[in-house]
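Trainee: Top to bottom, those sequences are chains Y and R.
Number 22 in the numbering used here belongs to position 22 of the first sequence; there are no gaps in the numbering.
Residues are numbered in the numbering used here as their position in the second sequence, beginning at 1, plus a constant of 120.
Bear in mind the hints are in silico, worked out from the structure with no lab data behind them.
As the structure is a computational prediction, the values presented were derived from the model and not from experiment.
Backbone N, C-alpha and C fix where the C-beta goes; we use that ideal spot for every residue, glycine too.
Each hint should be verified, as a subset may be incorrect.
[Unchecked claim] Taking lysine-lysine and the DSS-like style, the derived pairs with C-alpha atoms no more than 25 Å apart in a straight line are:
1) R:K228 <-> R:K162
2) R:K122 <-> Y:K44
3) R:K199 <-> R:K228
4) Y:K71 <-> Y:K27
5) R:K165 <-> Y:K27
6) R:K162 <-> R:K122
7) R:K162 <-> R:K199
8) Y:K44 <-> R:K165
9) Y:K51 <-> Y:K62
10) Y:K44 <-> R:K162
11) Y:K51 <-> Y:K27
12) R:K122 <-> Y:K62
13) Y:K71 <-> Y:K51
14) R:K162 <-> Y:K27
15) Y:K62 <-> Y:K44
16) R:K165 <-> R:K122
17) R:K165 <-> R:K228
18) R:K199 <-> R:K165
[Unchecked claim] Part of the chain Y face toward chain R, derived, beta carbon under 7 Å:
19) F45
20) S95
21) F111
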Amino acid sequence: NAGVMQNPRHLVRRRGQEARLRCSPMKGHSHVYWYRQLPEEGLKFMVYLQKENIIDESGMPKERFSAEFPKEGPSILRIQQVVRGDSAAYFCASSPGSTGGARSGANVLTFGAGSRLTVL
Amino acid sequence: RKEVEQDPGPFNVPEGATVAFNCTYSNSASQSFFWYRQDCRKEPKLLMSVYSSGNEDGRFTAQLNRASQYISLLIRDSKLSDSATYLCVVRGTGGGNKLTFGTGTQLKVEL
Numbered sequence: 001n002a003g004v005m006q007n008p009r010h011l012v013r014r015r016g017q018e019a020r021l022r023c024s025p026m027k028g029h030s031h032v033y034w035y036r037q038l039p040e041e042g043l044k045f046m047v048y049l050q051k052e053n054i055i056d057e058s059g060m061p062k063e064r065f066s067a068e069f070p071k072e073g074p075s076i077l078r079i080q081q082v083v084r085g086d087s088a089a090y091f092c093a094s095s096p097g098s099t100g101g102a103r104s105g106a107n108v109l110t111f112g113a114g115s116r117l118t119v120l
Numbered sequence: 121r122k123e124v125e126q127d128p129g130p131f132n133v134p135e136g137a138t139v140a141f142n143c144t145y146s147n148s149a150s151q152s153f154f155w156y157r158q159d160c161r162k163e164p165k166l167l168m169s170v171y172s173s174g175n176e177d178g179r180f181t182a183q184l185n186r187a188s189q190y191i192s193l194l195i196r197d198s199k200l201s202d203s204a205t206y207l208c209v210v211r212g213t214g215g216g217n218k219l220t221f222g223t224g225t226q227l228k229v230e231l
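Whenever a hint applies, use it, and build me the whole structure from the sequences.
Mentor: Now the structure itself:
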């Protein structure tokens, strides 16, 4: 039972290039979340998606960042015209459902190993 | 004020010690609470959920005080392998499963 799969694990880009990070959720999970962790900081929520729908993108920077979760294939986080400040670990997580009681397994997020972006 | 606040540590303790971490959250309407563990440069992993009645999992005990908006994690008989960063995590009231993470408390267990 494969967990959340992210690739690439490491990505190096020069300023101005594009970065694409991919995430395949756990089998049976239909909800995907992207988080960013800057060096020496905590995880910050970016976006929450279900298949073909963006549910909450309140944590996404207004420009250059976009995310999708198509009907087929992985979720993709796209960063256009990268800058040095985009260097971070980008974690994807998935869950089986959106909500439930306090003890519902739907609340539990399982994280992928992350994609580390370095912008030169 | 941060939504979830933790003492960053580090907490350096000898093997076998008991150590406690605290966390406060700002949104009184928050619904679910968790402790995650993150090893250096790896993904966060769920350690345990935190329930109002308090709950225990082996050497780990979690407590929630809704009135004070305070969450705690107690680790008894600490092991070298417990060395990690412990993240206090809160789920808010909005739709979906958006989690808010504290910046983490670093624990170093030493011989």
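Trainee: A separate judgement is required for each hint: does it hold in the structure or not?
Mentor: Verification of the supplied hints:
1. Only pairs whose Cα atoms come within 25 Å are accepted, and R:K228 paired with R:K162 is accepted, the gap being roughly 16 Å.
2. Simply put, R:K122 and Y:K44 have alpha-carbon atoms about 12 Å apart, close enough for the 25 Å limit, and the pair holds.
3. Note on R:K199 and R:K228: the hinted pairing holds, with a Cα-Cα distance of about 10 Å set against a maximum of 25 Å.
4. About 14 Å separates the Cα atoms of Y:K71 and Y:K27, which keeps this hinted pair within 25 Å; it holds.
5. Pair hint R:K165 plus Y:K27 holds up; C-alpha atoms about 18 Å apart against a cutoff of 25 Å.
6. Using a Cα cut-off of 25 Å, the hinted pair R:K162 and R:K122 holds, with the two alpha carbons roughly 24 Å apart.
7. Between R:K162 and R:K199 the alpha-carbon distance is near 19 Å, which keeps this suggested pair within the 25 Å criterion.
8. With a C-alpha separation of about 16 Å, the suggested pair Y:K44 and R:K165 falls inside the 25 Å cut-off, and the hint holds.
9. Of the supplied pair hints, the one linking Y:K51 and Y:K62 holds, its CA atoms being roughly 22 Å apart against a limit of 25 Å.
10. Under the criterion of a C-alpha separation no larger than 25 Å, the hint pairing Y:K44 with R:K162 is consistent with the structure, at around 15 Å.
11. For a cut-off of 25 Å, the pair hint linking Y:K51 to Y:K27 stands: about 14 Å separates their Cα positions.
12. At roughly 22 Å between alpha-carbon atoms, R:K122 and Y:K62 fall within 25 Å of each other, so this suggested pair holds.
13. At roughly 5 Å between alpha-carbon atoms, Y:K71 and Y:K51 fall within 25 Å of each other, so this suggested pair holds.
14. With a C-alpha separation of about 21 Å, the suggested pair R:K162 and Y:K27 falls inside the 25 Å cut-off, and the hint holds.
15. Annotation: proposed proximity of Y:K62 to Y:K44 holds, straight-line Cα distance about 15 Å (limit 25 Å).
16. A distance of roughly 22 Å separates the Cα atoms of R:K165 and R:K122; the hinted pair therefore holds under the 25 Å criterion.
17. A distance of roughly 18 Å separates the Cα atoms of R:K165 and R:K228; the hinted pair therefore holds under the 25 Å criterion.
18. Distance check on the hinted pair: R:K199 and R:K165 sit about 18 Å apart at the alpha-carbon level, within 25 Å; holds.
19. Given the 7 Å rule on beta carbons, the hint for Y:F45 holds: about 5 Å separates it from the nearest Cβ of chain R.
20. Proximity of Y:S95 to chain R holds as hinted, the smallest CB-CB distance being about 5 Å (cut-off 7 Å).
21. Residue-level restraint check for Y:F111 holds (minimum Cβ-Cβ distance to chain R is 4 Å; threshold 7 Å).
The structure shown violates none of the earlier numbered hints.
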